[in-house]
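Chains as they are written, first to last, in the working numbering: chain A, 1 to 255; chain B, 1 to 255; chain C, 1 to 255.
Calculated from the structure, these hints are not laboratory results.
Each hint can be trusted.
Copies of the same chain look alike in the list, so a pair counts if it works inside one copy or between any two.
Under the rule of at most 30 angstroms between Cα atoms (straight-line distance), these lysine-lysine pairs were calculated in the BS3-like manner:
1. Lys155 with Lys143
2. Lys61 with Lys14
3. Lys4 with Lys61
4. Lys125 with Lys4
5. Lys59 with Lys14
6. Lys59 with Lys4
7. Lys4 with Lys208
Computed from a predicted model, the values in this text were never measured in an experiment.
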Amino acid sequence: MNYKLNNIPERPVKPRQSGLTMVMDKGLSLRQVEDFIDIAGVHTDIVKLGWATSYVTPKLKEKLALYRSAGIPTYFGGTLFEAFAIRNQFDDYRRVLEEFGMEYAEVSDGSMDIEHDEKCEFIRKLAEQVTVISEVGSKDAAKIFAPYKWIALMKAEIEAGSWKVIAEAREGGNVGIYRGTGEVREGLVDEILTQIPEETIIWEAPQKEQQVWFIKLIGTNVNLGNIAPAEVIPLETIRLGLRGDTFDYFLNQVK
Amino acid sequence: MNYKLNNIPERPVKPRQSGLTMVMDKGLSLRQVEDFIDIAGVHTDIVKLGWATSYVTPKLKEKLALYRSAGIPTYFGGTLFEAFAIRNQFDDYRRVLEEFGMEYAEVSDGSMDIEHDEKCEFIRKLAEQVTVISEVGSKDAAKIFAPYKWIALMKAEIEAGSWKVIAEAREGGNVGIYRGTGEVREGLVDEILTQIPEETIIWEAPQKEQQVWFIKLIGTNVNLGNIAPAEVIPLETIRLGLRGDTFDYFLNQVK
Amino acid sequence: MNYKLNNIPERPVKPRQSGLTMVMDKGLSLRQVEDFIDIAGVHTDIVKLGWATSYVTPKLKEKLALYRSAGIPTYFGGTLFEAFAIRNQFDDYRRVLEEFGMEYAEVSDGSMDIEHDEKCEFIRKLAEQVTVISEVGSKDAAKIFAPYKWIALMKAEIEAGSWKVIAEAREGGNVGIYRGTGEVREGLVDEILTQIPEETIIWEAPQKEQQVWFIKLIGTNVNLGNIAPAEVIPLETIRLGLRGDTFDYFLNQVK
Chain A
1 MNYKLNNIPE
11 RPVKPRQSGL
21 TMVMDKGLSL
31 RQVEDFIDIA
41 GVHTDIVKLG
51 WATSYVTPKL
61 KEKLALYRSA
71 GIPTYFGGTL
81 FEAFAIRNQF
91 DDYRRVLEEF
101 GMEYAEVSDG
111 SMDIEHDEKC
121 EFIRKLAEQV
131 TVISEVGSKD
141 AAKIFAPYKW
151 IALMKAEIEA
161 GSWKVIAEAR
171 EGGNVGIYRG
181 TGEVREGLVD
191 EILTQIPEET
201 IIWEAPQKEQ
211 QVWFIKLIGT
221 NVNLGNIAPA
231 EVIPLETIRL
241 GLRGDTFDYF
251 LNQVK
Chain B
1 MNYKLNNIPE
11 RPVKPRQSGL
21 TMVMDKGLSL
31 RQVEDFIDIA
41 GVHTDIVKLG
51 WATSYVTPKL
61 KEKLALYRSA
71 GIPTYFGGTL
81 FEAFAIRNQF
91 DDYRRVLEEF
101 GMEYAEVSDG
111 SMDIEHDEKC
121 EFIRKLAEQV
131 TVISEVGSKD
141 AAKIFAPYKW
151 IALMKAEIEA
161 GSWKVIAEAR
171 EGGNVGIYRG
181 TGEVREGLVD
191 EILTQIPEET
201 IIWEAPQKEQ
211 QVWFIKLIGT
221 NVNLGNIAPA
231 EVIPLETIRL
241 GLRGDTFDYF
251 LNQVK
Chain C
1 MNYKLNNIPE
11 RPVKPRQSGL
21 TMVMDKGLSL
31 RQVEDFIDIA
41 GVHTDIVKLG
51 WATSYVTPKL
61 KEKLALYRSA
71 GIPTYFGGTL
81 FEAFAIRNQF
91 DDYRRVLEEF
101 GMEYAEVSDG
111 SMDIEHDEKC
121 EFIRKLAEQV
131 TVISEVGSKD
141 AAKIFAPYKW
151 IALMKAEIEA
161 GSWKVIAEAR
171 EGGNVGIYRG
181 TGEVREGLVD
191 EILTQIPEET
201 IIWEAPQKEQ
211 QVWFIKLIGT
221 NVNLGNIAPA
231 EVIPLETIRL
241 GLRGDTFDYF
251 LNQVK
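Bound-form chain A, shown alone (with noise of 0.2 angstroms):
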């Protein structure tokens, strides 16, 4: 840090395995993704390209290869998984982990209707082959189910292999655990807590007033995901009581 300010909330160093800052790339050029490691690679713990960016994305092998070299891990969007599997390529999906290096992967079923069995099995699966990371929620806003239903899904998955599982949210943050407004569904978050370990959850949380809410319900080291780019500085600064929404939150902690 630039200087000295006393009662500041400590991060661990990475790679951890709580406090994780998981970004969104959703069209990088090359020179973006090395600014963007120059001023946040630092806070930065692993970026997801967003969806199935990938497909259009040129010069996609360079870019896996800055952000290696940087030592970010990356992983393509649950949506590249979903586009595979309803087509029946799941195999052709392994071999293109495998061919581009990948090291992590994500099994989401935010699109499409799978009996989750059969998801979990994709999980199994993918995890003999990498670091999985999977996915609970939908895309549809309309579809939404109880905090019971969310549990015992993740529960699931943890089980068949995830090392984390993300609560969705999309780029907007207006599905999933959160309402069309943006706002968090506070009680679905709260019961969700009452069963899954809270460090084995990434949160997508892209708008502010989400970062805030859990940083504030969870401290300042929860999980948060589908952060932008531009917004990794803010967000470290937040978590750090360092600006106006968690001034008082971290002061009243250390007094």
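Got chain A; can you put chains B and C on it based on the hints?
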């Protein structure tokens, strides 16, 4: 593309007459233009330097040269034409187009009141010098006109020599063919499409929901405009059914 | 300017006392700072490193040097002052300003409660070391105070040594002089202007509609702040009557 997925809708090769993606540059630096071309140039058909931003843009000639060397045509936003026209400086405008080597120009009346005959006369004159794109619709949210009027204006402008007509939305996507909320005036669009060939229209659609709506209505290869530079990769995935929003839609077509 | 348009409002040359554009950098990389300077440096008067982002910014000295070499002064956001002050580390703050060669500093009380006499005492002390900008208004949307109070605070701070007073809005533009919707508290602004010289105030105005509102009220050369780096070119066109929003307004003045 970086890997093989079955049943992906086809996109025509550039230069193309439909499936156009028109991007709005409202103030990229030279290196940002290079970055944009690097990641999104292959998916971009034409770039508009938004409204009269060209007036205050440093190194304008270098910027235009960068786009030119990437094979991407550019044009100045219609407001610049209006700024010259309302000052009785139309001849100066023609000289500016020549001086900067412009091959396209936009004629609009979104900010000024002008007889439609006179607007068409400007189109006719400019069409002798450049390829003309003309825009229908006011930037004033209060100035709403009926579908038959939109159709009459578009027809007259195409007859006067417009290569394409643009349906107004502004950078925000909240006027013209949209309500203040960004919602599409569906009846208006439907009625326009009964009379004007869809490939002759560029629909301004800066918001994701607007892009999705037009792609679902018209198809992968609808012409869309006012796309932000960072949204070209996302848009391309929506066109291809590779984002949650159109995942089902294209799959249904395939079956 | 790139071509000659008649009847364009005049902008004073930098360094200027009115018509200031204050930009918020909330986490640009070094190369992004260079890009910003390349496209918008000539239109930018001063840059704020938003709130306490400087704490977690890598290569901070290099960043400050880049702005300095372009002749653009910088300062740390007021929240950083508050973070030091509330920890009883004010002397450390003065040393930080010295160590980083800062020529400006902001004093605010947007996140903490402090007696106004004490705030003015901080202004007085810092004014011996740097040029002080002080901010009036809370970051807490619930803390609203009456116009006469705004005026009294501003007067006292100017008397204590503030070069300019800033009217609070945050990055979002939804507190202080604005309602939660972003709408201007018009009566408040009108009343402030009866007592405080407008060139002494910098109005935070991150949203386009807010910029337009102030330019229509006060004129081309109103001081505006919290402008996002990518919005400097658009703002300059609004000041000059070259965007739809002010197209009529300036034309009316000219006639």
